[in-house]
Amino acid sequence: MSKDSAPKNKSKKQSEPIHDMVPIFLMGKKYDVPATLTIQKAFEYAGYQLVRGCGCRGGICGACGTVYRFPDSYRIEVGLACQTVVEPNMYIAQIPFFPANRAQYDLEKLEPTGSTVTALYPEIYKCVGCGTCTRSCPMDIDVMEYISRAIRGDIAGAAELSFDCVMCGLCAARCPAEEAQYNIAILTRRLYGRYIVPGARHLKDAVENIKKKKFEKGLGKLKKMNVDKLKEVYNERETEPQFGPEDWEPENKDYLVTK
Amino acid sequence: MPYTPELKKLIKRVEKTRPERVERKKKGEEFPALSLKEREDILKYHPDFKDEGRSEIKVGSSKGYKISNEIVDLLHAESRVSTELLDLSNPDYEADVLVIGGGGAGTSAALTARENGAKVILATKLRHGDANTMMAEGGIQAATKNTKDSPYYHYLDAMGGGHFTNDPDLVEELVNGAPLVIQWLEKLGAMFSKFDDGRLKTMHGGGTSRKRMHYAGDITGAEIMRTIRDEARSHTDDIKVLEFSPAVELIINKKGICSGAVLYNLETEEYIIVKAKATIMATGGSGRLHMQNFMTTNHYGATADGLIMAYRAGVSLKFLHTVQYHPTGAVFPEQSEGLLITEKFRGAGANIVNVEGKQFVYEREPRDVEASAIIRECIEAGKGIPLPNGKYGVWLDSPMIDIIKGEGTVRKEFPGKWILFKRYDIDITKDPMLVYPTLHYQNGGLEINSKCETSLPGLYAGGEVSGGVHGENRLMGNSLLDVTVFGRIAGEAAAGFAHNKYKDAKLTLEHVDKYHKELKREGVDTKGRVSPMLLPDYSNPDVRKRQLTTQYLGTMR
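If you read the protein sequences in the order shown, they are chains A and B. Residue numbers for the first sequence follow my numbering, so the first one is 25 and each next one is one higher. Residue numbers for the second sequence follow my numbering, so the first one is 55 and each next one is one higher.
FYI, nobody ran anything at the bench for these hints, they're computed from the structure. These numbers come from a predicted model, not from an experiment. Backbone N, C-alpha and C fix where the C-beta goes; we use that ideal spot for every residue, glycine too. One thing to keep in mind: the hints can contain errors.
Quick partial rundown of chain B residues pointing at chain A, CB under 8 angstroms, derived from the structure [said to hold, decoys possible]:
{"no.": "1", "residue": "K202"}
{"no.": "2", "residue": "H258"}
{"no.": "3", "residue": "G271"}
As a list, the in silico DMTMM-like pairs of lysine to aspartate or glutamate whose alpha-carbon atoms are at most 25 angstroms apart [stated by the list, open to error]:
{"no.": "4", "chain 1": "B", "residue 1": "K248", "chain 2": "A", "residue 2": "E184"}
{"no.": "5", "chain 1": "B", "residue 1": "K505", "chain 2": "A", "residue 2": "E232"}
{"no.": "6", "chain 1": "B", "residue 1": "K459", "chain 2": "A", "residue 2": "E264"}
{"no.": "7", "chain 1": "A", "residue 1": "K245", "chain 2": "B", "residue 2": "E227"}
{"no.": "8", "chain 1": "A", "residue 1": "K253", "chain 2": "B", "residue 2": "D223"}
{"no.": "9", "chain 1": "B", "residue 1": "K255", "chain 2": "A", "residue 2": "E184"}
{"no.": "10", "chain 1": "B", "residue 1": "K81", "chain 2": "A", "residue 2": "D271"}
{"no.": "11", "chain 1": "A", "residue 1": "K253", "chain 2": "A", "residue 2": "E270"}
Generate the whole structure from the sequences, applying the supplied hints.
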């Protein structure tokens, strides 16, 4: 298998002519790169050793926020460098870091209301509704909508709408009202997860049961078993059917806590 | 890049067998799972069993141990720093606890050390949160439903997955700690997928006997990581984060206590001395070493740094002879290569099928078994799907999920992957995905006990950098659990050490000099290599050849 960007593939690269090269401009400087590369790999192909602007290389960590445009267009386009394939004549600049306000708070002392959010981030009212944030989101999140929901006190809505946020900061980089939308978003998600979604009753019970050492005996038995016996017990264990009901119960309840 | 006409033709074969496979699935008739004996036979196809992939370590406390060539090369290398040039007498920073690594384990450790009264410095190579934790998609195991599950069964499953080689004490900590960390994360506001009444949704993973995989959409790791990172950012007075500052060597004082580390500022290229009363190694894994030339799902920074530093300081290595290949990494289109396709797809009902559209393996075998079966199907049986770049893959039949569980399920449960493939003009609710095993997880690592102590006083380790809890193979959903459970244990233990056991003395790097001497004595040719590696080199080799400056004078490097 080849790798993400395989240095050891160099012999192959040299022996086979590379077709479909496209010109791109990295920070205004022209390079010809293979048309199949992502922007991230195009930087590396051009000779860059990336330090900033490169993280998971899989579209989830938000390290490689990138802006670009084409010569015949006034529009600023955005993407994650590791996910966006190069196109001819792209003018590319990475924005791996953008300073943004993050309020200090102790989640345990907050209430899940709109006024909590607006008190911590009063600049939220400066939103002019221009929608640049939404157009700047590489994850296709309706950023302006979750901001307006946060203003309206709809914490749940803001949390659900912003769930896919990778916190790359492109929204904040382009916002004329100087907001840090992604920091507001995580505040709403944590308020939602902590206070609005009901806690799991069975989780509380499970923690209690462990604290009361209800499983200690069973575990002690397993820990003492020799491998052959352990394999036997392993092979005989019941397996919950994949599409069975949530309240499925096994035959053997010796090592469970039944109500 | 959408599927080529050739691949589209082959998809027809998958579509032909799909209705029958769906029917069987609906009836609960599964492809027969392999017996323990059959598993053993098929594991011969696993890359771990290729002898040419391994070599012996010639120095240090695990001398004679045969592990991946790529890690051995880094162990058979010299320090990045000249020890005589470093002045350790004036540390740049001091803290109770130094945490090395800003992923799930490091951040959990920092938060818990703080809860236990410690002032913490967290040093991380890239940004805080840039780690494999962020990329974990599937879920986190915990026996939270005691009417059908308990730590007893979780223990049994973990041992079976690890071929009964796991360290029992560590597994006990893992399964008992599991519900506690789920509760901790719930309290921190992590948005787990739940039913309306607050019950946590859970599902199966490979090798689980009960549905105990908790999840947050298909970005469970990202949700956990960004939540605990946000919590750390709420305590900036107690937790100071140094980004783009990887550690390159540990510091040991004259009383033999680990007392911090030498950091390297990746941008200014300065070395920075951090003195600490206890140190936690949480640098994660090593997929970016590309063992045996495999592609990887890992983060850019996964280069085994912690293993190297701690090994030089005398800590032994365990279970590093096994490497986990995730059975299903994307292989098409090329720009998605290596990306993890979570096991949840198989948990939700998607079959693995060959070029004929036939199933050849039960889709929920433990990962090493599943990966071996796919490699065998492609390489020995010759029934892989040929790709435009000359490689092979097998189909992961994702459209089955919507047929079985109702339209919209894939979009709802796998939003991340749906969007990603949509960008390539592939609709995974209509067409299957092409997958092949990809380097995923470092099963082994630094030897620790159930308090996360290493053999070096004052040095703790937790998460992927440590070894033992997963034995020779980890089950899905036990890594997010590992980082949070053992991160928290390490944080508490290190804070305790800093307050009660630490003894001040002169800082030294004598262990590094000693290691260098041993390399020489054993006649190891380091070939000019230095380690830790810090970052993989993906820059264009043709450009490298033209970088002709050999000596630097003046302002330009």
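- Task: Output the numbers, in ascending order, of every earlier hint that fails for this structure.
- Result: 11
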